[in-house]
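Going down the list, the protein sequences come from chains C and B. Each residue of the first sequence is one higher than the one before, starting from 1 at the first, in the working numbering. Each residue of the second sequence is one higher than the one before, starting from 1001 at the first, in the working numbering.
Hints in this document: simulated from the structure, not taken from any laboratory. Be careful, since some hints might not be right.
Coverage of chain C stretches by chain B, computed from C-beta distances (three or more under 8 angstroms per stretch; other residues unrestricted) [claimed, not checked]:
hint: 1; segment: 18-31
hint: 2; segment: 54-68
hint: 3; segment: 92-99
With a straight-line Cα cutoff of 25 angstroms, these simulated SDA-like cross-link-like pairs (lysine to any residue) come out [to be verified]:
hint: 4; chain 1: C; residue 1: Lys-22; chain 2: C; residue 2: Val-76
hint: 5; chain 1: C; residue 1: Lys-22; chain 2: C; residue 2: Gln-74
hint: 6; chain 1: C; residue 1: Lys-22; chain 2: C; residue 2: Pro-33
hint: 7; chain 1: C; residue 1: Lys-22; chain 2: C; residue 2: Gly-45
hint: 8; chain 1: B; residue 1: Lys-1058; chain 2: B; residue 2: Val-1072
hint: 9; chain 1: C; residue 1: Lys-22; chain 2: B; residue 2: Val-1072
hint: 10; chain 1: B; residue 1: Lys-1058; chain 2: C; residue 2: Lys-73
hint: 11; chain 1: C; residue 1: Lys-73; chain 2: C; residue 2: Gly-45
hint: 12; chain 1: C; residue 1: Lys-73; chain 2: B; residue 2: Gly-1102
hint: 13; chain 1: B; residue 1: Lys-1058; chain 2: B; residue 2: Glu-1011
hint: 14; chain 1: B; residue 1: Lys-1058; chain 2: C; residue 2: Pro-33
hint: 15; chain 1: C; residue 1: Lys-73; chain 2: C; residue 2: Ile-98
hint: 16; chain 1: C; residue 1: Lys-22; chain 2: B; residue 2: Glu-1030
hint: 17; chain 1: C; residue 1: Lys-73; chain 2: C; residue 2: Gly-17
hint: 18; chain 1: C; residue 1: Lys-73; chain 2: C; residue 2: Glu-34
hint: 19; chain 1: C; residue 1: Lys-22; chain 2: B; residue 2: Arg-1031
hint: 20; chain 1: C; residue 1: Lys-73; chain 2: C; residue 2: Val-19
hint: 21; chain 1: C; residue 1: Lys-22; chain 2: B; residue 2: Ala-1010
hint: 22; chain 1: B; residue 1: Lys-1058; chain 2: C; residue 2: Glu-34
hint: 23; chain 1: C; residue 1: Lys-22; chain 2: B; residue 2: His-1006
Where a beta carbon is used, it is the ideal one built from N, C-alpha and C, also for glycine.
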Amino acid sequence: MPLSIQIQNNSNPAHAGAVTIKLIGSLDTETAPELERQMTSCLAGPVNDLVFDLAGLSFVSSAGLRLFQVARKQMVARGGGRASFINMQPQVEEVFVIIQSLPGIGVFKDLEALDRYLATRPRPNLWPGTQK
Amino acid sequence: MTLELHATPAEVMRGVETLQDFARAQGLPERTIFGLALALEECGSNVVNHALQRDAQKQFQVVIEHTHHAFVIELRDGGPEFDPTAAVDRKPQAEDDDLPGGWGIQLVRRYTDEIHYARDGNENVLRLIKRVNPSADEKKLKNEPKPSTGH
Chain C
1 MPLSIQIQNN SNPAHAGAVT IKLIGSLDTE TAPELERQMT SCLAGPVNDL
51 VFDLAGLSFV SSAGLRLFQV ARKQMVARGG GRASFINMQP QVEEVFVIIQ
101 SLPGIGVFKD LEALDRYLAT RPRPNLWPGT QK
Chain B
1001 MTLELHATPA EVMRGVETLQ DFARAQGLPE RTIFGLALAL EECGSNVVNH
1051 ALQRDAQKQF QVVIEHTHHA FVIELRDGGP EFDPTAAVDR KPQAEDDDLP
1101 GGWGIQLVRR YTDEIHYARD GNENVLRLIK RVNPSADEKK LKNEPKPSTG
1151 H
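With the rest of the complex left out, here is chain B (with noise of 0.2 angstroms):
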C-alpha cells in the first residue's frame, strides 16, 4: 500500500488511521497495531515538522507492506538530509529538566524491531520493521520498569 501525504499533522493521521485499519485487517494484535501507529506518527510527524517545514504544497511517500515475517512502513522525503537513527536516546528525565527531545525516535526504537535509514538520491528513505512475533514482542517489553503508582 502506497500513501502519498502532504506534509500536514492531519495527512499524518490520515496515514497512521490507513495503517490502523490495514493492520487490523491483517489481524495483527491491537498491541502491535498501537506500536505502528505511534511509530509513523512519530516518524511522518518529524518529517512535516522539519524535513518539509510544514509546507503543504509538498508531499512525503509512506509505504505499507506485510509480509509473513515482519510489517514494513517506509518514509520517503525529499527533504535535507537527515538520519533519525543517528540520534541518541535521552536519559531518565531529572526533576528540572527541559523540555522532552528526542523521545520519538525513542519511542519508535521500542516498539519496531529495526529501523534503517538510507540517502536515495535527493530523498530521505526511513525504514521501520517490526517483526510479526507475538513471543518476541513480548519478550521485549516484560523487563520494563514499572511505573510509580499511588503516591
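With the rest of the complex left out, here is chain C (with noise of 0.2 angstroms):
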C-alpha cells in the first residue's frame, strides 16, 4: 500500500511558516520512514505551523503515530509552534481516540476550522534566526 506524501508552504502571508504535508494512502511500518525523511528535511526550514491534511489518508498505525508525535515535539520546541490535523477520515479519527494520542495538537474538521483557530491564537516564535 503506498503513501504520497505532497509538501506545500502556505502562500498566505498570514500563515507565514506554515505547512501543509498532504498524505494520500497508508502510513505504516513500510511506508513511515519516507515520511520521516521527508518530514525531517522539511522541518530543517523555519517552519513553525505543520498541517497534516489526511482526507486521503485510509489507513495509519503506530508507525506513523509515532512520526506525529515527533512532529508535534520539534513543533513544540520552536517556542508555540503546533502540529495540526484537518479532513481526518473516520477510522483514522478511531485510532487517534483509542490512543488517547498526542496532547498539543490540534485535530480540525477541516482547513475552514483551523483557519479560524490560527486566526485567534498568539503567533508562535519563528524559528532562531529568521526575523520576526
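Dock chain to chain to rebuild the complex, using the hints, since each chain is given by itself in its own frame.
This is the structure:
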C-alpha cells in the first residue's frame, strides 16, 4: 500500500511559516520511513505550524503515530509551534481516539476550522535566525 | 490460508494486503477489516523489528482463518521468547510525554476480542481472534470518548 506525500508551503502571508503535508494512502511500517525523511528535510526550514491534511489517508498504524508525535515535539520545541490535523477519515480518527494520542496536537474538521483557530491564536516564535 | 513472510516491513504489508483481500472476499465489514489489518500490521511489525531484528533471511508465518463466528490470525516466529500480551496499556499521554511505547499492543487489544500467547518449542505463537458479530463490534467502540475538534 503506497503513500503519497505532498508538502506545500502556505502562500498566505498571514500564515507564514505554515506548511501543509498532504498524505494519501497508507502510513504504516513500510511507508513511515519515507515520511520521516521528507518531514526531517521540511522541518530543517523555518516552519512553525505544521498541518497534516489526512483526507486521503486510509490507514495509520503506531509507526505513523510515532511520526506525528515527533512532529508535535519539534513544533513545541520551536516555542509555541503546533502540529495540526485536518480532514481525518473516520477510521483514522478512531485510532487517535483509542490512543487518546498526541496531546498538544490540534485536530480540526477541515481547513476552515484550522484557519479560524490560527487567526485567533498568538503568533508563535519564529525559527531562530529568522526575522519576526 | 498460510503465508510465509520474510522479516521486512514490505513483507508485513504484503501480509496485511493479503488479509484485506481475503476478508473482503469473505464479506466482512470495512470497519472490521481495518481493525484486523491494523492488528496484523502491529503484531507483524513487532515480530520483524524485535523478534527477528529485521533479518530478511529469516521468516515468520501468518495463518488466517475465517470460521462462522470468528476471524483468526496466528503469527508464529522463531525469535526469543516474548509475550506481548504481558505489556501494560499506556495511560493517556501528557503534554511532555516521551515517544510512544506500547501503542501497538494497545491498538491490537481494541480491534480484537481475544489475544493468546504461547511458547511452542522454540517459537512464539500469537493468536488474535475477532468475533464476527456486528452487534458486539458496535458495543465495544460506542463508548469511546470523542476527540477534541475545532479548537
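- Query: Taken at face value, is the distance from the CA of C:Val-19 to the CA of C:Lys-73 at most 25 angstroms?
  - Reply: 16 angstroms, holds
- Message: Next pair to validate is C:Lys-73 with C:Glu-34; report whether the Cα-Cα distance is within 25 angstroms.
- Response: 19 angstroms, holds
- Query: Between C:Lys-22 and C:Gln-74, does the CA-CA distance stay at or below 25 angstroms?
  - Reply: The hint holds at about 18 angstroms.
- Sort out whether C:Lys-73 lies within 25 angstroms of B:Lys-1058, counting only the CA atoms. Given that 25 angstroms is the threshold and the Cα spacing comes to 35 angstroms, the pair is violated.
- Message: Check whether the Cα positions of C:Lys-22 and C:Gly-45 lie no farther apart than 25 angstroms.
- Response: 18 angstroms, holds
- Task: For the pair we were handed, C:Lys-73 and B:Gly-1102, check the Cα-Cα distance against 25 angstroms.
- Result: 19 angstroms, holds
- Taking 25 angstroms as the top limit, are the C-alpha atoms of C:Lys-22 and C:Val-76 close enough? Cα-Cα ~21 angstroms, so holds.
- Task: Check whether three or more residues of the segment 54-68 of chain C sit with their beta carbon closer than 8 angstroms to a beta carbon of chain B.
- Result: holds (count 6)
- Is C:Lys-73 close enough to C:Ile-98, meaning Cα to Cα at most 25 angstroms? Cα-Cα ~20 angstroms, so holds.
- Query: Does C:Pro-33 lie within 25 angstroms of C:Lys-22 when you go C-alpha to C-alpha?
  - Reply: 16 angstroms, holds
- Query: Is C:Lys-73 close enough to C:Gly-45, meaning Cα to Cα at most 25 angstroms?
  - Reply: Cα-Cα ~16 angstroms, so holds.
- Given the hint that C:Lys-22 pairs with B:Ala-1010, does the C-alpha gap stay at or below 25 angstroms? Measuring from Cα to Cα gives roughly 22 angstroms; hence the hint holds.
The structure is inconsistent with the numbered hints 9, 10, 23, although it conforms to all the rest.
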